[in-house]
Amino acid sequence: MISIYDILLDRFGDEVIVGQNAEATDPWIEVAPASVTEVCEFLRDDERLRFDHLNDLTAIDHFEPDPAKRARFAFEPHLEIVYHLSSYETRLRAVLKARLPRWRNDKHGEPPALPTVSHLWPIADWHERECYDLLGVYFEGHPNLVRMMMPEDWQGHPLRKDYEWPEDYHGIRTQ
Amino acid sequence: MNPTPWIDGRFDENVITTSLEQTMNWARANACWPMTFGIACCAIEMMATGASKYDLERFGCGAFRSTPRQADLMIVAGTVTFKMASRIKRLYEQMPDPKYVIAMGACTIGGGPYFKYGYHVVKGVDLVVPVDVYVPGCPPRPEALLEGLMRLQDKIQSKRMTRGGQDVLPVPHHLGHVRLPEDALALELEFAGERQI
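From first to last, the protein sequence lines stand for chains Y and W.
Under the numbering used here, the first residue of the first sequence carries the number 1, and numbering increases by one thereafter.
Under the numbering used here, the first residue of the second sequence carries the number 176, and numbering increases by one thereafter.
Keep in mind the hints are simulated off the structure, nothing from the lab.
Keep in mind that a hint or two might mislead.
As the list claims (entries may be wrong) - With a straight-line Cα cutoff of 20 Å, these simulated SDA-like cross-link-like pairs (lysine to any residue) come out:
1) Lys258(W) / Asp153(Y)
2) Lys291(W) / Trp154(Y)
3) Lys161(Y) / Arg147(Y)
4) Lys258(W) / Val18(Y)
5) Lys291(W) / Pro65(Y)
6) Lys258(W) / Arg129(Y)
7) Lys298(W) / Pro158(Y)
8) Lys298(W) / Tyr132(Y)
9) Lys264(W) / Ile284(W)
10) Lys291(W) / Arg160(Y)
11) Lys161(Y) / Ala281(W)
12) Lys291(W) / Thr174(Y)
13) Lys291(W) / Pro115(Y)
14) Lys97(Y) / Asp153(Y)
15) Lys334(W) / Lys264(W)
16) Lys330(W) / Gly213(W)
17) Lys258(W) / Met149(Y)
18) Lys97(Y) / Ala71(Y)
19) Lys298(W) / Asp168(Y)
20) Lys298(W) / Ala281(W)
21) Lys107(Y) / Glu76(Y)
22) Lys298(W) / Gln175(Y)
23) Lys97(Y) / Tyr132(Y)
24) Lys97(Y) / Asp168(Y)
25) Lys298(W) / Lys97(Y)
26) Lys107(Y) / Met149(Y)
27) Lys274(W) / Ala238(W)
28) Lys274(W) / Phe186(W)
As the list claims (entries may be wrong) - Covered stretches of chain Y, going by a simulated chain W footprint (3 or more residues, C-beta under 8 Å):
29) 140–153
30) 156–168
Said to hold, decoys possible - A few chain Y residues that face chain W, going by a derived Cβ cut-off under 10 Å, partial list only:
31) Ser35
32) Ile172
33) Gln175
In this text, all values refer to a predicted model and were calculated from it rather than measured experimentally.
A virtual CB, placed ideally from N, CA and C, is assigned to each residue, including glycine.
Please construct the entire structure, taking both the sequences and the accompanying hints into account.
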């Protein structure tokens, strides 16, 4: 049984491979967001790993919108991008996580950015568009990063925990 | 078998006297062509209503038109999202007058299961286009849609065209119960007796 974490740590060092959680049901490896593309390219092309399939790419918003409950909230507010990878060739599975601030430079409404992987796995194109649309993550280098689910002129990202509903949309009441 | 004639032999010399209002309403109510237009799962029930078992065509409303320009009735069957709302409005505006709308299913009436947390769903299609008949259910059974259609026909029949005439909807619109034939009633009582034993 090979350790993906050890291979990655050996190749990239602990600046890039920030940590891991081996006890979780799906053990995950945390990667520095700026190096996501290099790590993913290595995972896809390395002889021992050959991760030829991206199962899922999504984000998690760790935030408690209710101030009364915030004191007992177990996480620092942050955004996590999750990559689920698997290989048809080597039958391996891996979960990568990249930790981002909720907003770029703490300015509400400005999506944080990390590099795209859409040139490595073409399916990531749509996953990243969906992620951008609903959770507000900007993927640098994506060929066509426009909204996917919501109308193109929609304001905000609905799956953010502190999302505020617009009063109306083109004259249609939303509540 | 000797069928009793329905209409033949009951009129003289091919001349029938009736009011224009009645004729127009009769024609409109019995040739109310719906638009081929389904948005979500309710559309499956709408298709079932149009198919042979329930047969919408019995009431003159089975000719699903593929263009809004030939349709009189829009059955909004399914979840209306904000993205879809502008398209629905455009389709409605392309239909010729008089036009009618049936809101079919919980989502279309008021957002349904998406009412509270659905950021993408219009909370009722009546915020977008005027609705004549609401058919509740999730999704409504084909019988319910047929019922809704008949209530729409009632509404069309009640239209008054004369100057100063007021539209009067039949009240109650519908009695709400069906009278069973005598022999069916007797059978029902018999079964009820058996169940008690």
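Structure-based check of each hint:
1. Lys258(W) / Asp153(Y): Roughly 10 Å between the alpha carbons, so the hint for Lys258(W) and Asp153(Y) holds.
2. Lys291(W) / Trp154(Y): The given pair, whose Cα atoms are some 19 Å apart, holds under the 20 Å limit.
3. Lys161(Y) / Arg147(Y): holds (19 Å)
4. Lys258(W) / Val18(Y): Measuring from Cα to Cα gives roughly 41 Å; hence the hint is violated.
5. Lys291(W) / Pro65(Y): holds (17 Å)
6. Lys258(W) / Arg129(Y): Holds. Lys258(W) to Arg129(Y) sits at ~17 Å (cutoff 20 Å).
7. Lys298(W) / Pro158(Y): Holds, at about 16 Å.
8. Lys298(W) / Tyr132(Y): Given that 20 Å is the threshold and the Cα spacing comes to 25 Å, the pair is violated.
9. Lys264(W) / Ile284(W): Cα-Cα ~16 Å, so holds.
10. Lys291(W) / Arg160(Y): holds (16 Å)
11. Lys161(Y) / Ala281(W): The given pair, whose Cα atoms are some 27 Å apart, is violated under the 20 Å limit.
12. Lys291(W) / Thr174(Y): holds (10 Å)
13. Lys291(W) / Pro115(Y): violated (35 Å)
14. Lys97(Y) / Asp153(Y): Not OK: Lys97(Y) and Asp153(Y) at ~30 Å, beyond 20 Å, violated.
15. Lys334(W) / Lys264(W): violated (24 Å)
16. Lys330(W) / Gly213(W): violated (23 Å)
17. Lys258(W) / Met149(Y): holds (9 Å)
18. Lys97(Y) / Ala71(Y): This hinted pair is violated, its Cα atoms lying about 25 Å apart.
19. Lys298(W) / Asp168(Y): holds (11 Å)
20. Lys298(W) / Ala281(W): holds (10 Å)
21. Lys107(Y) / Glu76(Y): Holds, because 17 Å separates the two Cα atoms, which is no more than 20 Å.
22. Lys298(W) / Gln175(Y): holds (7 Å)
23. Lys97(Y) / Tyr132(Y): Answer holds: Lys97(Y) to Tyr132(Y) is near 16 Å, not above 20 Å.
24. Lys97(Y) / Asp168(Y): The given pair, whose Cα atoms are some 36 Å apart, is violated under the 20 Å limit.
25. Lys298(W) / Lys97(Y): violated (37 Å)
26. Lys107(Y) / Met149(Y): violated (25 Å)
27. Lys274(W) / Ala238(W): holds (15 Å)
28. Lys274(W) / Phe186(W): At roughly 33 Å apart (the allowed maximum being 20 Å), Phe186(W) and Lys274(W) break the hint.
29. 140–153: holds (count 3)
30. 156–168: holds (count 3)
31. Ser35: Result: violated, 33 Å to nearest chain W Cβ.
32. Ile172: With a minimum Cβ separation of about 5 Å from chain W (threshold 10 Å), the hint on Ile172(Y) holds.
33. Gln175: This interface hint holds because 7 Å falls under the 10 Å limit.
Consistency note: the structure conflicts with the earlier hints numbered 4, 8, 11, 13, 14, 15, 16, 18, 24, 25, 26, 28 and 31.
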